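Q: Read off the chains here:
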Amino acid sequence: DTEVTQTPKHLVMGMTNKKSLKCEQHMGHRAMYWYKQKAKKPPELMFVYSYEKLSINESVPSRFSPECPNSSLLNLHLHALQPEDSALYLCASSQVPTANYEQYFGPGTRLTVT
Amino acid sequence: SQQGEEDPQALSIQEGENATMNCSYKTSINNLQWYRQNSGRGLVHLILIRSNEREKHSGRLRVTLDTSKKSSSLLITASRAADTASYFCATDRGRGGADGLTFGKGTHLIIQP
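Protein chains in written order, with our numbering: chain Z, 16 to 129; chain S, 6 to 118.
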């Protein structure tokens, strides 16, 4: 199974809502990532989890809170978002937590903040 | 800031023709990867070339890397309509340990039937 799954596919939330994005992989990968992609732009790295511990936070606002409950699961908790946070949120995983291995991406969650 | 810059930003060719996309980057890297993205969905890994490699092939794909010029090219031969997608180069940031990818701006490729 070489698939990374993400739920939900689409999410519309108000600025006062709390919601969570979920990502799952069963490839035994020890690194998981969150990327944000605005329309017609490249993905931008948000967080890197290495062996279930947060290794890199690319100065992401605290209204985005990542969580890695186990080696297969990655969550992104959202709270008090702004309309400019509307984007495609991509989860990825790789065998080991370096940039020297290919990353497997999920289909993304398209988030709209109203 | 973006590490990679793709050229051209958009490319439209006829089916069966070859498509060439270029990528430039700014800092030292350990490897460079190319990814494809269809219609704003997930990215698919195409090929990884390490800094000590100059050329790599995978099916109809040919990637070159010139570390002296900090540039790479992706050639897709005998293009098909299904190759219509956005193509991104991605690099590490040349540091060890846990790290993510830095993507270039991408080339949007359209294959005309």
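Honestly, the hints are just simulated from the structure, not real lab data. Check before you lean on any hint, since a few could be wrong.
[Unchecked claim] Listed below are several chain Z residues computed to face chain S (Cβ distance under 8 angstroms; list not exhaustive):
#	residue
1	G43
2	A46
3	P57
4	I71
5	A95
[Stated by the list, open to error] Straight-line Cα separation of at most 30 angstroms, DSS-like style, residue types lysine-lysine; simulated pairs:
#	chain 1	residue 1	chain 2	residue 2
6	S	K31	Z	K56
7	S	K110	Z	K51
8	S	K31	Z	K24
9	Z	K55	S	K31
10	S	K31	Z	K51
11	Z	K24	S	K75
12	S	K110	Z	K55
13	S	K110	Z	K37
14	S	K75	Z	K55
15	Z	K56	S	K75
[Unchecked claim] Beyond 12 angstroms from chain Z on every Cβ pair, some chain S residues (computed):
#	residue
16	L16
17	E20
18	G21
19	S29
20	S76
21	A83
22	G102
23	A103
24	P118
Note that the coordinates shown come from a computational prediction; the quantities given were computed from them, not determined experimentally. For glycine and all other residues, C-beta sits at the position ideal for the given N, C-alpha and C.
Q: For every hint, state whether the structure bears it out.
A: Results for each hint:
no.: 1; hint: G43; verdict: 17 angstroms, violated
no.: 2; hint: A46; verdict: 7 angstroms, holds
no.: 3; hint: P57; verdict: 4 angstroms, holds
no.: 4; hint: I71; verdict: 6 angstroms, holds
no.: 5; hint: A95; verdict: 25 angstroms, violated
no.: 6; hint: K31(S) - K56(Z); verdict: 19 angstroms, holds
no.: 7; hint: K110(S) - K51(Z); verdict: 14 angstroms, holds
no.: 8; hint: K31(S) - K24(Z); verdict: 35 angstroms, violated
no.: 9; hint: K55(Z) - K31(S); verdict: 22 angstroms, holds
no.: 10; hint: K31(S) - K51(Z); verdict: 22 angstroms, holds
no.: 11; hint: K24(Z) - K75(S); verdict: 37 angstroms, violated
no.: 12; hint: K110(S) - K55(Z); verdict: 9 angstroms, holds
no.: 13; hint: K110(S) - K37(Z); verdict: 27 angstroms, holds
no.: 14; hint: K75(S) - K55(Z); verdict: 24 angstroms, holds
no.: 15; hint: K56(Z) - K75(S); verdict: 22 angstroms, holds
no.: 16; hint: L16; verdict: 15 angstroms, holds
no.: 17; hint: E20; verdict: 24 angstroms, holds
no.: 18; hint: G21; verdict: 28 angstroms, holds
no.: 19; hint: S29; verdict: 14 angstroms, holds
no.: 20; hint: S76; verdict: 17 angstroms, holds
no.: 21; hint: A83; verdict: 24 angstroms, holds
no.: 22; hint: G102; verdict: 7 angstroms, violated
no.: 23; hint: A103; verdict: 4 angstroms, violated
no.: 24; hint: P118; verdict: 24 angstroms, holds
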